[in-house]
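Work from the hints to combine the two standalone chains into their complex.
The residues making up each chain are set out below.
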Amino acid sequence: MTDISLDTLTASAARPRRDIGLKKRYAAERRFRLYGVLAIAIGLAFLAVMLTSIVSKGYTAFWQTTVTLPINFDEKIIDPSNKRATDPNVLITANYPKLAEQALIEKLGIDPNNKADVRKLKGFLSDSSRVQLRAIVAADPSVIGTTRNVDILAAANLDSAFKGQIDLDVPESRRKVSDQQVEWMNKLKAEGVMAEHFNTGLFSYGASSRPETSGVGVALIGSFYMMVIVLLLALPIGVAASIYLEEFAKKSRFTDLIEVNINNLAAVPSIVFGLLGLAVFINFLGLPRSASFVGGLVLTLMTLPTIIIATRAALAAVPPSIRSAALGLGASKMQMVFQHILPLAAPGILTGTIIGLARALGETAPLLLIGMVAFVADYPKTPFDPATALPVQIYMWANEAERAFVERMSGAIIILLIFLMAMNIVAIVLRRRFERRW
Amino acid sequence: MNIMTEKSLDDAVNAEMNARTNEIIKMRGDKVTVHYGEKQALFGVDLDVRQNQVTALIGPSGCGKSTFLRCLNRMNDTIDAARVGGKITLDSEDIYDPKIDVVELRARVGMVFQKPNPFPKSIYENVAYGPRIHGLAKNKAELDVIVEKSLQKAALWNEAKDRLNEPGTGLSGGQQQRLCIARAIAVSPEVILMDEPCSALDPIATAKVEELIDELRENYTIVIVTHSMQQAARVSQRTAMFHLGYLVEEGPTDKMFTNPDDKRTQDYITGRFG
Numbered sequence: 001m002t003d004i005s006l007d008t009l010t011a012s013a014a015r016p017r018r019d020i021g022l023k024k025r026y027a028a029e030r031r032f033r034l035y036g037v038l039a040i041a042i043g044l045a046f047l048a049v050m051l052t053s054i055v056s057k058g059y060t061a062f063w064q065t066t067v068t069l070p071i072n073f074d075e076k077i078i079d080p081s082n083k084r085a086t087d088p089n090v091l092i093t094a095n096y097p098k099l100a101e102q103a104l105i106e107k108l109g110i111d112p113n114n115k116a117d118v119r120k121l122k123g124f125l126s127d128s129s130r131v132q133l134r135a136i137v138a139a140d141p142s143v144i145g146t147t148r149n150v151d152i153l154a155a156a157n158l159d160s161a162f163k164g165q166i167d168l169d170v171p172e173s174r175r176k177v178s179d180q181q182v183e184w185m186n187k188l189k190a191e192g193v194m195a196e197h198f199n200t201g202l203f204s205y206g207a208s209s210r211p212e213t214s215g216v217g218v219a220l221i222g223s224f225y226m227m228v229i230v231l232l233l234a235l236p237i238g239v240a241a242s243i244y245l246e247e248f249a250k251k252s253r254f255t256d257l258i259e260v261n262i263n264n265l266a267a268v269p270s271i272v273f274g275l276l277g278l279a280v281f282i283n284f285l286g287l288p289r290s291a292s293f294v295g296g297l298v299l300t301l302m303t304l305p306t307i308i309i310a311t312r313a314a315l316a317a318v319p320p321s322i323r324s325a326a327l328g329l330g331a332s333k334m335q336m337v338f339q340h341i342l343p344l345a346a347p348g349i350l351t352g353t354i355i356g357l358a359r360a361l362g363e364t365a366p367l368l369l370i371g372m373v374a375f376v377a378d379y380p381k382t383p384f385d386p387a388t389a390l391p392v393q394i395y396m397w398a399n400e401a402e403r404a405f406v407e408r409m410s411g412a413i414i415i416l417l418i419f420l421m422a423m424n425i426v427a428i429v430l431r432r433r434f435e436r437r438w
Numbered sequence: 001m002n003i004m005t006e007k008s009l010d011d012a013v014n015a016e017m018n019a020r021t022n023e024i025i026k027m028r029g030d031k032v033t034v035h036y037g038e039k040q041a042l043f044g045v046d047l048d049v050r051q052n053q054v055t056a057l058i059g060p061s062g063c064g065k066s067t068f069l070r071c072l073n074r075m076n077d078t079i080d081a082a083r084v085g086g087k088i089t090l091d092s093e094d095i096y097d098p099k100i101d102v103v104e105l106r107a108r109v110g111m112v113f114q115k116p117n118p119f120p121k122s123i124y125e126n127v128a129y130g131p132r133i134h135g136l137a138k139n140k141a142e143l144d145v146i147v148e149k150s151l152q153k154a155a156l157w158n159e160a161k162d163r164l165n166e167p168g169t170g171l172s173g174g175q176q177q178r179l180c181i182a183r184a185i186a187v188s189p190e191v192i193l194m195d196e197p198c199s200a201l202d203p204i205a206t207a208k209v210e211e212l213i214d215e216l217r218e219n220y221t222i223v224i225v226t227h228s229m230q231q232a233a234r235v236s237q238r239t240a241m242f243h244l245g246y247l248v249e250e251g252p253t254d255k256m257f258t259n260p261d262d263k264r265t266q267d268y269i270t271g272r273f274g
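Chains A and B are the protein sequences, given in the same order. Under UniProt numbering, think of the first position of the first sequence as 1, with each following residue one higher. Under UniProt numbering, think of the first position of the second sequence as 1, with each following residue one higher.
Because the hints were derived from the structure by calculation, they are not lab data. Certain hints may be false.
Listing some non-contacts, in silico: residues in chain A with all C-beta distances to chain B over 10 Å [as the list claims (entries may be wrong)]:
no.	residue
1	D79
2	S142
3	D169
4	E183
5	Y244
6	L257
7	N283
8	R323
9	L329
10	A365
11	M423
12	I425
Using 20 Å as the maximum straight-line C-alpha spacing, the simulated EDC-like pairs for lysine to aspartate or glutamate come out as follows [as the list claims (entries may be wrong)]:
no.	chain 1	residue 1	chain 2	residue 2
13	A	K251	B	D80
14	A	K333	B	D267
15	A	K250	B	D77
16	B	K121	A	D169
Covered stretches of chain B, as calculated for chain A (at least 3 residues, CB under 8 Å) [claimed, not checked]:
no.	stretch
17	71-80
18	113-127
19	181-193
Bear in mind the structure is a predicted one, so any value in this text is a computation, not a measurement. Heads up, the beta-carbon is just placed ideally off N, CA and C, and yes, glycines get one too.
Next up, chain B with everything else stripped away, as it sits in the complex (with noise of 0.2 Å):
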């Protein structure tokens, strides 16, 4: 009876504690522009990202959301030709300030790519390598429990256990996928970026990788990036609408795929183009 009362006065705290964190905001973009040489690919967007939220970016190809994405860790920063332009805060910090070491900032900003890409290692060298390098563990039995850590929170350390010392590459590609989660989950970032995360993969890997999405929420930021309109309505509790380089209208999910502001959005997310 006892336990019964703490526990609900825990999971009441916890809600409580989740409402009010939902307000906060953990990064922030501020009239940012993108250049690539000549080309501008994003126009002046402003774009809060809410904390313990899924944000999904939609729009048509080309419309900067992936440009947008890849700002938020500095990923554009390998393009020389990449310029970006405005003010991208991370907990009110501005990431692009000289003080700001690049390194750091994608140990708290992880990303997961389009395609799956683990190391051509074993799968417990996947999850192992962002740890080592950042010094998290200070012996093998730490490293052991964080990726194994790692690994049950993407999901995958059921069909791994058996299999750590075989390489990454010989999993299926929903596989590969959790595995490149567990991989940025590893280093405990504090927001998940996913450049179209499901976009390799079938449905039931979809499935997969969207369940987990959704626990993960609980953790950590995620910013993610999709094609797929039902996967945004699933997964994410904001959206926000891209179109040739310009940030159409964001708000709650449910408003965007019911009550849209804008005529484009509605446009797209009926089918009308893109």
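So here's chain A without its partners, still in its complex pose (with noise of 0.2 Å):
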């Protein structure tokens, strides 16, 4: 009995192994996962040179150098003939950075009759101490006369000094701050005067010649409000769309046909929806030019049909079970699809949604025809009032040389890349949260 088993054991053991390419298909799956694994790598290796780049150069946007000086609001500058009573206009037009002048004359000691240390300290405060000390005496006139500590700009090229972002080596002819304003800064920095704050006008201001009171605040006004008008328009839109089409509209030629311009519209490169509001919007309906109006309507037109395309994937998404449940009770057509279909679909919608607000958020093309890259310093009002948008006031800083405005550029794209992070966190988590397994 044994020998039989062990008979048996030996001749299985002898039979000739077939030779199934089991080495080659295991090193043909090694290489492709080798590749993947490159693939992934390059990727992510471009996307860390791409962040930190625009972080290491946009991070200091976010802080701002100010001196803290203790203004003195001289009648006699502000007022010299007394007639402020009478005349508002002095009030307005009073020489208010020679105040913050004198102040730092007296904070460096300085003689003020050496004219020459008097010139070099021109361009180290910003102009903006102007509509600064204006606003403090505005509020209360009856700071004239009185002293009072006061955060005022550094100008933009103390600021990148003072950030260490101006190569003192180089030859002081060539370069923007004197050695008398650097030997002046590191002493005001060793007092304490000079310092860098959280930049919160980085998020206030509008668009400035001077880059220490530029911001973002137009843009984002410019940006929340199309996305307000991309969400109000395109998302009934293009869900009602959908549903149309997805569960009434009977499958014909039409049909079909409508199905492939909407993939087209959505390959559709987006200057041309550029040109198309400037030439339906603008020009034909005389809407006004860089309104945030209209560069809400373009770009409805662009995200409709990725809404269009996301929704119609959610909505054939749902199980045929469900439909042939509800169909089965008795409900109709409608209430098919609004109490069963379009709640298990919304996840989807949803995310396709933010996806296509996400993209419009980063559209620069169409605002260029539209006008939307205009110096706007004003907050807009409405919606009708001129405006730019985040990625139009980064590729309007593209396009100055100052440090200091690339400096804003990199800080402007790092503001951009958190909204469209959380964003897409967003959608994510909705996806998440929401999605149901049958």
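Take a look at the structure:
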């Protein structure tokens, strides 16, 4: 008995193994895995390079150098002829920068009569002191004649120098801050008078020729208006169109044609939508130029195909058994769609919408054509007022030469990326939370 | 004593009523044909469905039994390419008549599907949905009663009464199918169509559903498609055998399984093909 079983054992062991190409197959699989890892690594490397470049250039934009000075609101400078009681213009046109300059002269202990030194002080403080001090006086005229500590913005070049972005080894004649200014800067720094603060101005200022007082405030409002308009228009129109096409329309040549066109529209370059907006909304309908309303309309056109495609996919993904169940109970088609299909498709629709919105938020080209690439310093009060958008603001700052603008451009990119990331995270969270499995 | 006689009298009346209603033809198919596009799926099927009986439709895959079933509540309407010919009546009314509203028809002829397909909502909502859309309950209390009765009739009440607010999709397969039956019962249909209701269930769940079908016969007319010969034999009073889109033969289940007229039926039920 044992012999036989031993025999069979050895026989099966001796049976020649067939070559079924296992080695080759495993090698192919390993190669494929390697390609995949390489592809991901390359992608991640590019992403890392891009992010480090943007963040390293841009994070300083969130800090701004200010000089805290005891400003003496000297009546002799503000209102030398004492006419402010009768002429309100006096307080508006007064030479406020002079107040800041005097405070700085005093702080640095310069002889006011040393004209050469005083001249070198020019360009140390931002000219925005005029607006800032005027606002203080306008709010409370009794401040005249008293002294008060005020944070005055440093000029852009000094701001850059303070952040160590200006190479001091370059000969003095070829850089934008003089040795004397650097010396004063270091003195003020040592005294703690000159310091960096979080740059709230970056979020509140509009366009300005002075980097230290320019920000994305107007662009944020413009982008916000546009997103609201896109959401209010594209979501209902897109969802209604998708529901009709997917659930109600009979399949025919005509619906096929519409489907092809929607897919094509999703691939149309955005600048074409911009041209369309220019021709139809501005030239034909006479809507205002540079307005976020028109921008919103153009971006709606651009986002619609994305939303329709995502919505149709989400509707089609609802299992047919749910449709049968509802219809079998005697639900009308409308009840089936709105009480069963739509709630189940909602996470997919929302995800598609948010991704469409994120794309629209980052869109630049069509906005250039409808004139949103304007120098807008005032907040747009309504969507019909001139405004810019975040990506357009980035584009405009990218055209500037000054170091401080480059920094702001990178800062604005960071802000835009944070918004985009937040939107995508919301999309993922929504999908995870409401996704149902059958 | 008095009560006893009354009860037995009632029984006698019921039995007689049943005997009579057995002969009432609830639905009738007259030369029913179905085309899916170019392909013809049913060729002139004449079949009667008797009230308060279970009619089983058997036959090999693709023979048209599900197609015929789906004609009875016009579920084929949802397929663009499907065309139905011939005549189907419910209580002598042509259900394909333009005057008949398909929504109302489906409230009268309910359906239970092959795969349990509860809505991804609570057990309560699943059952309450039908009565709600048809306005069968005036208030929440009435709706509660309908839900409870339907679940009781579907033999699910004891298992589900403490978890009415839990999702119906969380039940086991057999419970889900009984939930679907409860959902169909809740709109008080006259006829219940069942398309292989046990094919996705294990033997124990199958036994429960079969038992349920037998009980439901008292109040409803049932048409069931099944691939299981034994199931047809166990639950149905009449059996119809389909093959390649034709109705081969139709008759009392006992006769069909013991002494069929047609050789194809004989071959099929003895397992020689199909």
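### Task
Against the structure, test the hints numbered earlier, and report the numbers of the ones violated in rising order.
When the structure is compared with the hints, numbers 8, 9, 14 and 16 turn out to be violated.
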